[in-house]
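Produce the entire structure from the sequences given, and follow the hints as far as they go.
These protein sequence lines are chains S and P, in that order.
Oh and the first sequence: position 153 is 1631 in this note's numbering, straight run, nothing missing.
Oh and the second sequence: position 98 is 117 in this note's numbering, straight run, nothing missing.
There may be inaccurate statements among the hints.
[As the list claims (entries may be wrong)] No more than 25 Å apart at the CA atoms, straight line, and that leaves these computed lysine to any residue pairs for SDA-like:
{"hint": "1", "chain 1": "S", "residue 1": "Lys1549", "chain 2": "P", "residue 2": "Gln70"}
{"hint": "2", "chain 1": "P", "residue 1": "Lys112", "chain 2": "S", "residue 2": "Ala1569"}
{"hint": "3", "chain 1": "S", "residue 1": "Lys1549", "chain 2": "S", "residue 2": "Asn1535"}
{"hint": "4", "chain 1": "S", "residue 1": "Lys1576", "chain 2": "P", "residue 2": "Arg146"}
{"hint": "5", "chain 1": "S", "residue 1": "Lys1608", "chain 2": "P", "residue 2": "Asn127"}
{"hint": "6", "chain 1": "P", "residue 1": "Lys144", "chain 2": "P", "residue 2": "Ser117"}
{"hint": "7", "chain 1": "S", "residue 1": "Lys1568", "chain 2": "S", "residue 2": "Ala1528"}
{"hint": "8", "chain 1": "S", "residue 1": "Lys1623", "chain 2": "P", "residue 2": "Ile124"}
{"hint": "9", "chain 1": "P", "residue 1": "Lys144", "chain 2": "P", "residue 2": "Tyr54"}
{"hint": "10", "chain 1": "P", "residue 1": "Lys86", "chain 2": "S", "residue 2": "Thr1581"}
{"hint": "11", "chain 1": "S", "residue 1": "Lys1567", "chain 2": "S", "residue 2": "Glu1557"}
{"hint": "12", "chain 1": "P", "residue 1": "Lys106", "chain 2": "S", "residue 2": "Arg1583"}
{"hint": "13", "chain 1": "S", "residue 1": "Lys1568", "chain 2": "P", "residue 2": "Ala136"}
{"hint": "14", "chain 1": "S", "residue 1": "Lys1576", "chain 2": "P", "residue 2": "Ala57"}
{"hint": "15", "chain 1": "S", "residue 1": "Lys1608", "chain 2": "P", "residue 2": "Arg146"}
{"hint": "16", "chain 1": "S", "residue 1": "Lys1568", "chain 2": "S", "residue 2": "Arg1583"}
{"hint": "17", "chain 1": "P", "residue 1": "Lys139", "chain 2": "P", "residue 2": "Ser108"}
{"hint": "18", "chain 1": "P", "residue 1": "Lys106", "chain 2": "S", "residue 2": "Ser1584"}
{"hint": "19", "chain 1": "S", "residue 1": "Lys1567", "chain 2": "P", "residue 2": "Glu129"}
{"hint": "20", "chain 1": "P", "residue 1": "Lys106", "chain 2": "P", "residue 2": "Tyr93"}
{"hint": "21", "chain 1": "S", "residue 1": "Lys1599", "chain 2": "S", "residue 2": "Glu1557"}
{"hint": "22", "chain 1": "S", "residue 1": "Lys1568", "chain 2": "S", "residue 2": "Lys1599"}
{"hint": "23", "chain 1": "P", "residue 1": "Lys139", "chain 2": "P", "residue 2": "Gly118"}
{"hint": "24", "chain 1": "P", "residue 1": "Lys106", "chain 2": "S", "residue 2": "Glu1557"}
{"hint": "25", "chain 1": "S", "residue 1": "Lys1625", "chain 2": "P", "residue 2": "Glu95"}
{"hint": "26", "chain 1": "S", "residue 1": "Lys1625", "chain 2": "S", "residue 2": "Ser1597"}
{"hint": "27", "chain 1": "S", "residue 1": "Lys1568", "chain 2": "P", "residue 2": "Asn130"}
{"hint": "28", "chain 1": "S", "residue 1": "Lys1568", "chain 2": "P", "residue 2": "Ala57"}
{"hint": "29", "chain 1": "P", "residue 1": "Lys139", "chain 2": "P", "residue 2": "Gln70"}
[Stated by the list, open to error] The following label-pair restraints were derived from C-beta to C-beta distances:
{"hint": "30", "chain 1": "P", "residue 1": "Ser73", "chain 2": "S", "residue 2": "Thr1581", "range": "25 to 31 Å"}
{"hint": "31", "chain 1": "S", "residue 1": "Glu1557", "chain 2": "P", "residue 2": "Glu141", "range": "54 to 60 Å"}
{"hint": "32", "chain 1": "P", "residue 1": "Glu122", "chain 2": "S", "residue 2": "Ala1619", "range": "56 to 62 Å"}
{"hint": "33", "chain 1": "P", "residue 1": "Lys151", "chain 2": "S", "residue 2": "Gly1586", "range": "47 to 53 Å"}
{"hint": "34", "chain 1": "P", "residue 1": "Glu141", "chain 2": "S", "residue 2": "Asp1604", "range": "46 to 52 Å"}
{"hint": "35", "chain 1": "S", "residue 1": "Ile1560", "chain 2": "P", "residue 2": "Pro80", "range": "52 to 58 Å"}
{"hint": "36", "chain 1": "P", "residue 1": "Ser102", "chain 2": "S", "residue 2": "Val1606", "range": "16 to 22 Å"}
{"hint": "37", "chain 1": "P", "residue 1": "Asp45", "chain 2": "S", "residue 2": "Lys1625", "range": "35 to 41 Å"}
{"hint": "38", "chain 1": "P", "residue 1": "Glu95", "chain 2": "S", "residue 2": "Ala1587", "range": "32 to 38 Å"}
By construction, these hints were calculated from the structure, which means they are not laboratory data.
Keep in mind that this is a model prediction, so the values were computed, not measured.
All residues carry an ideal CB built from backbone N, CA and C; glycine is no exception.
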Amino acid sequence: MSLIRWNPTRDLATFPSDMFSLQREMNRVFDSFFHGVDEPGLLNSTWVPAVDVAEENDAYTVKVELPGVNKDDVKITLESNILTIRGEKKAENEVKEKNYHRTERSYGAFQRSFTLPTSVKNDKIDAVYKDGILTVSLPKAEEAKPKQIEVKVK
Amino acid sequence: MAKNGEVALVRRGNNALARRMEPLEDFVTPAADIYETAEAFVLSIDMPGVQKESISVQVEPGQLQVKGLIGQLYKETTNLVYSEIRKASFYRKFNIGSGIDSENIRANFENGVLSVALQKHESTKVREIPIK
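So, in structure tokens, the structure goes:
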């Protein structure tokens, strides 16, 4: 057995690809419903807030976990069926000589994008920010709602 | 800290037995920033989706316990297609030193963030010594 020089960065080199393969797995789960998916590593975001996507017969609901964000610092846009929620979580103001013992919370720019599979009523989109959760309601366009097809018996 | 955002505090005696009887369900540890100013220690704890009425902040000698129950985010009929948001409630214990004035603690919940300010005892505050 020959001795191989240990390269401490060798394991490190494979780590990012493992991270992206996990992201790809998540994207695949996401893909099965939504055709498009966001790649947080490629967007200009410092941190990635957790999101939920829910569907009812007449609307989609997207919830984003955004504690401590000023609602004026959040922008929601819908462009050719791509919904983008972006913004910035600013650090608490009045920095009168604070001495930080621990910082665990995320700060900075964030962005999540989704491709909606069906059309929505653009003018009826509603966004509410309460208790740190941003809820975006997107009513489906009439033709996108599921329809009951009556079966006639001859 | 705004008066209208204040959260009720429950002061606990040294009732270790009562603490053990409390069931600990599925809880998630919330992220917290801790910083110190000349007058106080301040904790900012992320608790998005929590109902203000369900938050409890308990202080006892050497320890601060924070709990918040998450509300119902969806209706029964909603189909949750993709989920990253954890649906568990929050719980965290903090060890606090003896330099705290336990009569002077304020808590405030706004936009999903619980802020707890622990005023320092007069004796632990930084004092400027004048040089004659």
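For each hint, the structure was consulted:
no.: 1; hint: S:Lys1549 <-> P:Gln70; result: 19 Å, holds
no.: 2; hint: P:Lys112 <-> S:Ala1569; result: 24 Å, holds
no.: 3; hint: S:Lys1549 <-> S:Asn1535; result: 28 Å, violated
no.: 4; hint: S:Lys1576 <-> P:Arg146; result: 17 Å, holds
no.: 5; hint: S:Lys1608 <-> P:Asn127; result: 15 Å, holds
no.: 6; hint: P:Lys144 <-> P:Ser117; result: 12 Å, holds
no.: 7; hint: S:Lys1568 <-> S:Ala1528; result: 18 Å, holds
no.: 8; hint: S:Lys1623 <-> P:Ile124; result: 52 Å, violated
no.: 9; hint: P:Lys144 <-> P:Tyr54; result: 15 Å, holds
no.: 10; hint: P:Lys86 <-> S:Thr1581; result: 19 Å, holds
no.: 11; hint: S:Lys1567 <-> S:Glu1557; result: 23 Å, holds
no.: 12; hint: P:Lys106 <-> S:Arg1583; result: 18 Å, holds
no.: 13; hint: S:Lys1568 <-> P:Ala136; result: 20 Å, holds
no.: 14; hint: S:Lys1576 <-> P:Ala57; result: 8 Å, holds
no.: 15; hint: S:Lys1608 <-> P:Arg146; result: 41 Å, violated
no.: 16; hint: S:Lys1568 <-> S:Arg1583; result: 11 Å, holds
no.: 17; hint: P:Lys139 <-> P:Ser108; result: 30 Å, violated
no.: 18; hint: P:Lys106 <-> S:Ser1584; result: 19 Å, holds
no.: 19; hint: S:Lys1567 <-> P:Glu129; result: 14 Å, holds
no.: 20; hint: P:Lys106 <-> P:Tyr93; result: 11 Å, holds
no.: 21; hint: S:Lys1599 <-> S:Glu1557; result: 12 Å, holds
no.: 22; hint: S:Lys1568 <-> S:Lys1599; result: 32 Å, violated
no.: 23; hint: P:Lys139 <-> P:Gly118; result: 6 Å, holds
no.: 24; hint: P:Lys106 <-> S:Glu1557; result: 30 Å, violated
no.: 25; hint: S:Lys1625 <-> P:Glu95; result: 21 Å, holds
no.: 26; hint: S:Lys1625 <-> S:Ser1597; result: 15 Å, holds
no.: 27; hint: S:Lys1568 <-> P:Asn130; result: 13 Å, holds
no.: 28; hint: S:Lys1568 <-> P:Ala57; result: 23 Å, holds
no.: 29; hint: P:Lys139 <-> P:Gln70; result: 29 Å, violated
no.: 30; hint: P:Ser73 <-> S:Thr1581: 25 to 31 Å; result: 26 Å, holds
no.: 31; hint: S:Glu1557 <-> P:Glu141: 54 to 60 Å; result: 58 Å, holds
no.: 32; hint: P:Glu122 <-> S:Ala1619: 56 to 62 Å; result: 59 Å, holds
no.: 33; hint: P:Lys151 <-> S:Gly1586: 47 to 53 Å; result: 48 Å, holds
no.: 34; hint: P:Glu141 <-> S:Asp1604: 46 to 52 Å; result: 51 Å, holds
no.: 35; hint: S:Ile1560 <-> P:Pro80: 52 to 58 Å; result: 54 Å, holds
no.: 36; hint: P:Ser102 <-> S:Val1606: 16 to 22 Å; result: 19 Å, holds
no.: 37; hint: P:Asp45 <-> S:Lys1625: 35 to 41 Å; result: 40 Å, holds
no.: 38; hint: P:Glu95 <-> S:Ala1587: 32 to 38 Å; result: 36 Å, holds
Against the hints set out earlier in the document, violations occur for numbers 3, 8, 15, 17, 22, 24, 29.
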